[in-house]
Amino acid sequence: MPENPRTTSTPTASATPVTPSEPRTPLWRRILPMFFLLLGAVVFLFPFYYMIVGALQTKRDPSLSGAIPWPSNLTLDNFIDINASIDLGRSLLNSGIFTGAVVLCTLFFGILAGYALATLSFRGRGLLFAIVLLLQAVPFQLLMVPLYVLLVRGFGLGDTYLGMILPFAINSVAVLIFRQFFLQVPREMFDAARIDGAGEFRILRSIAVPLVRPAILTAALVTFLGPWNEFLWPFLITKEQSLQPLAVAIANFTQTGAAFHPNAIGAILAGSTVLAVPAVALFIIFQRHFKATDASTGVKG
Amino acid sequence: MSQDTRQRGARGSGRIASSAAPRGRRRSRLERLLGRHPVGLLLTAPYAVFVAAIFLYPIGFGVWMSFHDFFFTAPGVDVPTPFVGFDNYVTVLSDPDIRASFLHVAEFLVINVPLTVVISLLLATALNSVLHWRGFLRVSYYVPYVAASVAMVTVWMFMFNSTGIVNQILGPLAPDPSWLVSKAWAMPSIAIYVTWKQLGFFILLFLAALQNVPKELNEAAAMDGANRWQCFRTVTIPAVRPATTLVVLLAIITGANLFTEPYLLTGGGGPNGASTTPVFLLYQQGIQQGNPDVASAIGVLLVIAVLAITYVSRKVTERD
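Protein chains in written order, with our numbering: chain A, 1 to 301; chain B, 1 to 320.
Some hints here could point you the wrong way.
[Stated by the list, open to error] What the simulated footprint calls covered on chain A by chain B, stretch by stretch (three residues with Cβ under 8 Å from a Cβ of chain B suffice, anywhere in the stretch; the number is not a length):
{"no.": "1", "region": "64-78"}
{"no.": "2", "region": "116-123"}
{"no.": "3", "region": "142-151"}
{"no.": "4", "region": "167-177"}
{"no.": "5", "region": "262-269"}
[Unchecked claim] Derived contacts from chain A toward chain B, CB cut-off under 8 Å, selection only:
{"no.": "6", "residue": "236"}
{"no.": "7", "residue": "276"}
{"no.": "8", "residue": "284"}
I should point out that these hints are in silico values taken from the structure, not numbers from a laboratory. Even glycine gets a Cβ: it sits at the ideal position worked out from N, Cα and C.
Use the sequences and the hints to build the structure in full.
Below, the structure is given as C-alpha cells:
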C-alpha cells in the first residue's frame, strides 16, 4: 500500500488541498482538533516523561510538584543503584544478543521466503503462503506450554540464548513485507537477469538484496520491537540472572528485590528508562520508516 | 496461479528449469512435480522447516497433550501418557478460578475494545485534519507503543498506587482501596493501561486507512450541506470499516494474550485473584505446578473462545 506523503512530518502544500468550506470555518473549529490532539499528546507522553524524571530524582515526591525536575533533587544514583542489583551491562548485552539474533534470522529467512513467494513459481507456493498468513493468527498462548515442554524439557534449552531465540527466529510479518516489496519490483528486472544466465542465487544477491534495502530497514524496525520488549518467553526459560534480558531482569527486580532499597522506585524507574529509551529513540530517528500498514500487512491478508 | 500460467505461456526456457534438468520430456515432468522454479523450494525450505518445528508441531503437540495425562519427567525417562479424553477439559471447566479468568478477559475486552476503537479513530481523524506538528503528534502517540511494557507498567504502578500522583490529584475522590489493589478497579485499570499502551499503533492503522479515503467524498458531502459529524458518520466511518475490523481483531488477540500487565501491575493476578487471566493460569498450571496437560486444555479453550469472539465481532463490524 503506497504511503501518502502527508504522513511525513513536513506537510507539503500540494498534499493539503483546501476544502471549499475551509475559509468560512470558524476559528474555534480549526483550533479544536489541535487542542484535542495536544491534550492527547500530553496524556500519552506524561508517563514516559514521569518515568525519566522519577529515574533522576534523589527522593521520590508523589505530589504534583514531584513531576517537576527540581535541580536540587536530581541525581544519577538510581542508575548506579539498579546497576548494583541487576548488572545493567550484562542484561543489555543479553537483550542485544537476543534481539540482534532474532532480527538477523528474521531478515535472512524473510528475504529468502519473500523473494521466492513473490517471484518464483514452485510447487507448494500457494500452501506456503496460506501458512504464512495463518501464522499471523496463531496465538502464542497455544504454543507456550508445548514449546516450553519441547525446548526446555525435551532439548534442555532452558537458560540458553538458543532457546530464547528459536520461537522468534521466523516472523511472518517480515516475509509479508518482503513479498510485498518484491511484488512491486518490475518482473522484467528478474526475467532479464535470468535470460542473461544469472542463477537465482546470483539474482538474489546482486539484484534483489540491493533493491530491498529500504524494506530491510522497515522490517528490522518492526521485528526489533518484539524481542526487545518481550517479557513472557524469556521469563519462562531463563532462571539464571546472568542470562536474562533487561525486561526480565527489571520485572523480577520489581516483583522481588525492590523491598531492600532506600529509593527502590527510583532504581526501578532508572532501569525502566534504560529499557525504554533505546527503542523509543530508534523509532523517533526512523519514524518515517515505521508504518502500521507494514506491521499489519499479514492480518489483512 | 494466474502468474504461473502466464509465465509458462510467455517464455519457453527458464534458466533454472533448463539447467536443473535435461531438455525434453523429463524437464516437463520435473516441472509438473516441482513447479517452474524448483529453487523456490530450496529458498523457502528453511522457513518451512522452522514453521513446522516451531509452530505446527507444537500446536499439534499441545492439542495432543490436552487429551492425554501428561506430566514432566526427567529427560530420557519413558513414562506412559494415557489418553484421557476430555478429562483435562472437565478439570478446566469445573475450576471456578479458571472460569473467573475467562470472565476477567471478557471484562477487559468490554472496556478495552470500544475505548480503543473510538479514541484511536477520533485521534486519527483529528490528526488527519491538522496541518502542523503532525510528525510530533504521531511520534508522541506511539511512544507508549514502542516502549517496553515492562518499563511503562512500573510507571503506572507508581502513578496509580495509593499515594501516587493520580490519587494526589483526585484527593478525596480517589477510590479506597486504591486502583490496583481494589477488586472492582484492578481489571478496569489494566484495561485502561493497555488501551493507552497500544493506542499509537491503532492510530497509525486508522491514519493509513483515512489517507485512502478520497477527499472528494467529504467535499461532496459538505456541498450537500452535511455538517462535520454527518460527514464523519456517513463518509469516514464506512470508509475505514476494514481498518475497524482489523483494529477490533488485533485488540481481541491482545486481550486474550494478556499476561505481562496483570502479572506486574497487580503482583500476579491480585487482588484476591481479581485480575487473573487465562494465560496467567496457563503459566501457573503448566510451568509452575507441572500440569502441562491441563494448561494445554486452557490454551485450546482460549483459542476456541478467541475464534468465536472474532467471528462474532467481524459479523458486527462488517455489517452494512
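Quick rundown of the hints versus the structure:
1. With 3 residues having a Cβ less than 8 Å from any Cβ of chain B, the region 64-78 of chain A passes the three-residue criterion, so the hint holds.
2. Given a C-beta distance limit of less than 8 Å, the hint that chain B covers the region 116-123 of chain A holds, as 6 residues qualify and 3 suffice.
3. Under the rule that three or more residues need a Cβ within less than 8 Å of chain B, the assignment of the region 142-151 of chain A holds, with 9 such residues.
4. Note: the region 167-177 of chain A has 4 residues with beta-carbon separation from chain B under 8 Å; the three-residue rule is met and the coverage holds.
5. Look at the region 262-269 of chain A against chain B: 3 of its residues bring a Cβ nearer than 8 Å to a Cβ of that chain, three or more, so the hint holds.
6. Restraint check, residue 236 (chain A) versus chain B: the minimum CB separation of about 6 Å is within 8 Å; hint holds.
7. Interface restraint check: residue 276 (chain A) against chain B, minimum CB-CB distance 4 Å, threshold 8 Å, status holds.
8. With 8 Å as the threshold, the beta carbon of residue 284 (chain A) comes within range of chain B, its nearest partner Cβ sitting at about 6 Å, so the hint holds.
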